[in-house]
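Chains as they are written, first to last, in the working numbering: chain A, 13 to 635; chain B, 422 to 583; chain C, 48 to 284.
Be careful, since some hints might not be right.
Straight-line C-alpha distance at most 30 Å; calculated BS3-like pairs for lysine-lysine [claimed, not checked]:
1. 146(A) to 422(A)
2. 437(B) to 619(A)
3. 561(A) to 619(A)
4. 562(B) to 566(A)
5. 515(B) to 294(A)
6. 515(B) to 561(A)
7. 437(B) to 270(C)
8. 568(B) to 451(B)
9. 103(A) to 145(A)
10. 568(B) to 619(A)
11. 62(A) to 24(A)
12. 562(B) to 619(A)
13. 515(B) to 569(B)
14. 569(B) to 103(A)
15. 147(C) to 270(C)
To list a few chain A residues with every Cβ distance to chain C over 12 Å, as calculated [claimed, not checked]:
16. 59
17. 116
18. 179
19. 195
20. 313
21. 327
22. 483
23. 529
The set of hints was computed from the structure by calculation and includes no laboratory data.
Every residue gets a Cβ at the ideal spot worked out from N, C-alpha and C, and that includes glycine.
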Amino acid sequence: MVRLSSPQELEKYRNEILSTRDPNQPLITVCGGTGCHASGCHAVVEAFKKVIQEKVKGNGVGLRVTGCHGFCERGPLVVLHPRKVLYQRVKPEDASAIFQESVLKGKVIENLLYEHPTTGEKISTEEDVPFYKKQRRIIFENNGSIDPTQIEDYIAVGGYRALPKALFTMKPEEIIKEVKKANLRGRGGGGFSAGLKWEQCRNASGEIKYVICNADEGDPGAYMDRSLLEGNPHSVLEGMIIGAYAIGAHEGCVFVRHEYPLAVLNIGIAIQQARELGLLGKDILGSRFEFDVQISRGGGAFVAGESTALMATLEGNVGEPRAKHIHTVISGLWDRPTNLNNVETWANVPVIIDRGADWYTQIGTEGSKGTKIFSLVGKVNNTGLVEVPMGITLREIVYDIGGGIPGGKKFKAVQTGGPSGGCIPESLIDLPVDFDRLTEVGSMMGSGGMIVMDESTCMVDVAKYFMNFLKDESCGKCTSCREGTKRMHEILTEITEGRGSVDHLDLLEELGWVTAEASLCALGGTAPNPVLSTIRYFREEYKEHIINKRCPAKVCRALLRYRILSDVCTMCGRCAKACPAEAISGKTKTKKEKGIPFKIDEQKCIKCGMCFESCKFEAVEVQ
Amino acid sequence: MTQTEIDSIVDRYGRKESAILSILQDIQTKEKYLPRETLEYVGEKLHIPLNKIYRIATFYRALSLMPRGRHEVCVCMGTACHVRGAQRILDQIKLALGIRPGETTKDLNFTLETVNCLGVCAAGPVVAIDGEYFGKMSSTKVEGTLKKFRSDQKKEGANGKA
Amino acid sequence: MIPFVIDGQPIEGKEGGNVLEVALDAGIEIPHLCYNESVKPYGACRLCLVEVVRRGKARMTTACTYPLMEGIEVLTRTEKVLRARRMIIELLLAMCPGDKLIQNMAKEMGVHAVRFKEEKKDCILCGLCARVCEEVVGANAIQFAFRGDRREMIPPFQGEAMNCIACGACVVVCPVDVIRMKEEGDERTIIRWKRTLKMKQCKVCGNYFAPWFQLEKFREQAKLPKDFYDVCYTCRS
Chain A
13 MVRLSSPQEL EKYRNEILST RDPNQPLITV CGGTGCHASG CHAVVEAFKK VIQEKVKGNG
73 VGLRVTGCHG FCERGPLVVL HPRKVLYQRV KPEDASAIFQ ESVLKGKVIE NLLYEHPTTG
133 EKISTEEDVP FYKKQRRIIF ENNGSIDPTQ IEDYIAVGGY RALPKALFTM KPEEIIKEVK
193 KANLRGRGGG GFSAGLKWEQ CRNASGEIKY VICNADEGDP GAYMDRSLLE GNPHSVLEGM
253 IIGAYAIGAH EGCVFVRHEY PLAVLNIGIA IQQARELGLL GKDILGSRFE FDVQISRGGG
313 AFVAGESTAL MATLEGNVGE PRAKHIHTVI SGLWDRPTNL NNVETWANVP VIIDRGADWY
373 TQIGTEGSKG TKIFSLVGKV NNTGLVEVPM GITLREIVYD IGGGIPGGKK FKAVQTGGPS
433 GGCIPESLID LPVDFDRLTE VGSMMGSGGM IVMDESTCMV DVAKYFMNFL KDESCGKCTS
493 CREGTKRMHE ILTEITEGRG SVDHLDLLEE LGWVTAEASL CALGGTAPNP VLSTIRYFRE
553 EYKEHIINKR CPAKVCRALL RYRILSDVCT MCGRCAKACP AEAISGKTKT KKEKGIPFKI
613 DEQKCIKCGM CFESCKFEAV EVQ
Chain B
422 MTQTEIDSIV DRYGRKESAI LSILQDIQTK EKYLPRETLE YVGEKLHIPL NKIYRIATFY
482 RALSLMPRGR HEVCVCMGTA CHVRGAQRIL DQIKLALGIR PGETTKDLNF TLETVNCLGV
542 CAAGPVVAID GEYFGKMSST KVEGTLKKFR SDQKKEGANG KA
Chain C
48 MIPFVIDGQP IEGKEGGNVL EVALDAGIEI PHLCYNESVK PYGACRLCLV EVVRRGKARM
108 TTACTYPLME GIEVLTRTEK VLRARRMIIE LLLAMCPGDK LIQNMAKEMG VHAVRFKEEK
168 KDCILCGLCA RVCEEVVGAN AIQFAFRGDR REMIPPFQGE AMNCIACGAC VVVCPVDVIR
228 MKEEGDERTI IRWKRTLKMK QCKVCGNYFA PWFQLEKFRE QAKLPKDFYD VCYTCRS
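Just chain A, with the same shape it has in the complex:
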């Protein structure tokens, strides 16, 4: 690669790349996101490679492994360009047929198309699929068409267009003004004005400043940042370079959680390629601005995603937060002005600079502009990553995009904001999603995890789950957080095991209050949210557990009873075989013997549910 030393050279390079690409040339793109990896996309890619090698002579069909398309439920995903035909749940065996019929002959393979769940209609193009229709994919737009390990792909779709505009036609103060005008709020959970942060950092005294990209994404159930870093790392990098220029920082760091090896790899490749082209390092594009980026891996600690804890980790200490009486933009990493932003926040920057704040502010609500990427997961048909304009309602997300609840079950709640957030019940399902509205109802935007729950989810169990997470992840410094989360978990365990008492609800609320008020950082500060919000909206369910010792959702094992219906039992013996506690007795029916219906000894039963899962005749009843 030749080093580009001016914006003109970059444009020339861009045109060169575009001239070698024929938009009408058939191109097979296979989603290489982690979700599709888990569904076996690697084998699909290999199958395509083989087919192409064998069949094509001369100028052939292109094959590209791209970033995450977002429709993870239906992976492996294949999109055929130029017609943008979407095939879902593709198997390696399908590769040959896809190549022969679709690519060469232009025919569509019906059984690989997305089928509308209610109308049965087959939909052939990506944009017509209901999952994508209501989305507004701006940040995720290019994930599905670029190979994240090829910087040329990013440049070909218009990447690194905002960077020269910022470096050569805008002063740092003007960039900050534009970002403030766009009202870009932190997408990592804080929702704080990015522009204001940048301004404070720029104005802070000190020659040496830092910018950090927080890719520690610790909220369980959220994986948007992962997909952005894996699928379009340059969009994040470009944002960081622009931000560094605006602030006056020359060193940056991308802090990625260690559970994301592919993200670490891809951002590493991106940095390397950017350096080679002269988009990172000394004298970027001839602007005389110098900036470079390092990568650091997290150590497996959720609390280390908190900005001061993250900086402590970078300094070689444990990830313990410190009080923020003096903000990190004034005194952060190594006591120097440091601007930390989330992955998605950085990825919004090139869009704002390229298309302008006026365009950007057309999307979203009064207080929350732009789009947000959510990981829509849990009890929902179309699980995956969705990018929607702020202000869209929960109902639209869960039903129109998400396709509703599987198995026709009833919607119960949506959990947003991860362990710092809360549950939003059915009565509020028409709530427009934005920073302030979510906080008003006792939850928060958080990093964008959106966990859908149905009638078979126990809200007390959900609260217990989050408390278990928080007490493990708490750094343990503050008495209020360490003991508070521990005791809240203890009480919730008592309740879910049938030892709850009526005082417990008040005690939980009081503990929650102190944990939030007295703790040093946001982990402790928001820890009670899952408990308090579930008590607020599902108090009756708590009372069922406490007073009647019943779990209506049939989740809390200690409160369940397993029984075999003797008149339904076919005496196949599967349950007894599966039972790890040897609690089931009976006689298998054979040709010679009549058999005795199977029965569970409740004293020995450990309520693992294996019998229920192994019975093919629905003879096991759960009460």
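Dock chains B and C against the given chain A, drawing on the hints supplied.
Then chains B and C, alone, in the frame of chain A:
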């Protein structure tokens, strides 16, 4: 791991004290865990007192002070997986292997870990064995999945049935 | 000097100081456990909570870590503050029911019942021992390990604290007196850190006055002659 190998890792990070986490992670990638002698040596090289090294090694879940099994069974306990029944899967695996999260089987074949989100939520519940993802896991699929990784010796655990 | 207000009373403190030390100097009682003048403030116990009003906004914060700023208004006994402190001491009492100091503080604050399952711990995780060992003594023998509800103060690898010089600073500074030292014959033991060291005998008076290990460390660091500590401090003067 030889001292020379450790030296080269330390040098890779410019012998900076602040790179302690990255250094320990790189060592762990090769050694599969952090033996005491290694931690003592790294402490000496970087002039970090042993109490601080021990604090760091026990604070971060990515670091392990105990020898690990040949195969790492990692159960995702993220919220999406939890809501889809991850706890049951974990209990089933605990029974099948006879160990609790963080522990290693006596024959050093399996180490069981939980993680608070692998980022593969759409395929939940997810179990990752040696980095290979097994999505849409169910209690009935557990034994079959583990079988591929079991050693030829006697089966572990309470579920001694064939 | 930085002027501000505590409980309606105008007061001032040195730049770089914290609210707690100024308050205590002025005779205003704010309960505290993990604060000690000899080391940097840490903010772990959360007992010294106060409300600080700054630029019209009130927030709850620990007095020991709050930097002095002109014009702030500190309130040490609001309803909120007292309610939070009471819960904190109750949590500490549930954790360490046998600690006399915690029992007394709880009584003083009007906390008589513990609504949680009592544990049998004795260490309140204030960190003073480790902080003194690092900042004042420089031996770095002990530190916190693990995190969350598994956090504890132990020597590395939970064995004997090999860097410990048995100076006894941690014994003195521990607010709940759970680090004990004993001397038997020519040995001194810091029981909690499983550290037993042989004591050096003075050539003049014959008393065992300090551990060999400790004296050797001082000698090496200060590059003193081999026989420098053959005579004890008392006899030398």
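Here is how each hint holds up against the structure:
no.	hint	in the structure
1	146(A) to 422(A)	holds, 22 Å
2	437(B) to 619(A)	violated, 53 Å
3	561(A) to 619(A)	holds, 16 Å
4	562(B) to 566(A)	holds, 22 Å
5	515(B) to 294(A)	violated, 54 Å
6	515(B) to 561(A)	holds, 27 Å
7	437(B) to 270(C)	holds, 28 Å
8	568(B) to 451(B)	holds, 26 Å
9	103(A) to 145(A)	holds, 25 Å
10	568(B) to 619(A)	holds, 24 Å
11	62(A) to 24(A)	violated, 35 Å
12	562(B) to 619(A)	holds, 18 Å
13	515(B) to 569(B)	holds, 17 Å
14	569(B) to 103(A)	holds, 22 Å
15	147(C) to 270(C)	violated, 44 Å
16	59	holds, 46 Å
17	116	holds, 58 Å
18	179	holds, 37 Å
19	195	holds, 22 Å
20	313	violated, 7 Å
21	327	holds, 16 Å
22	483	violated, 5 Å
23	529	violated, 5 Å
The structure is inconsistent with the numbered hints 2, 5, 11, 15, 20, 22, 23, although it conforms to all the rest.
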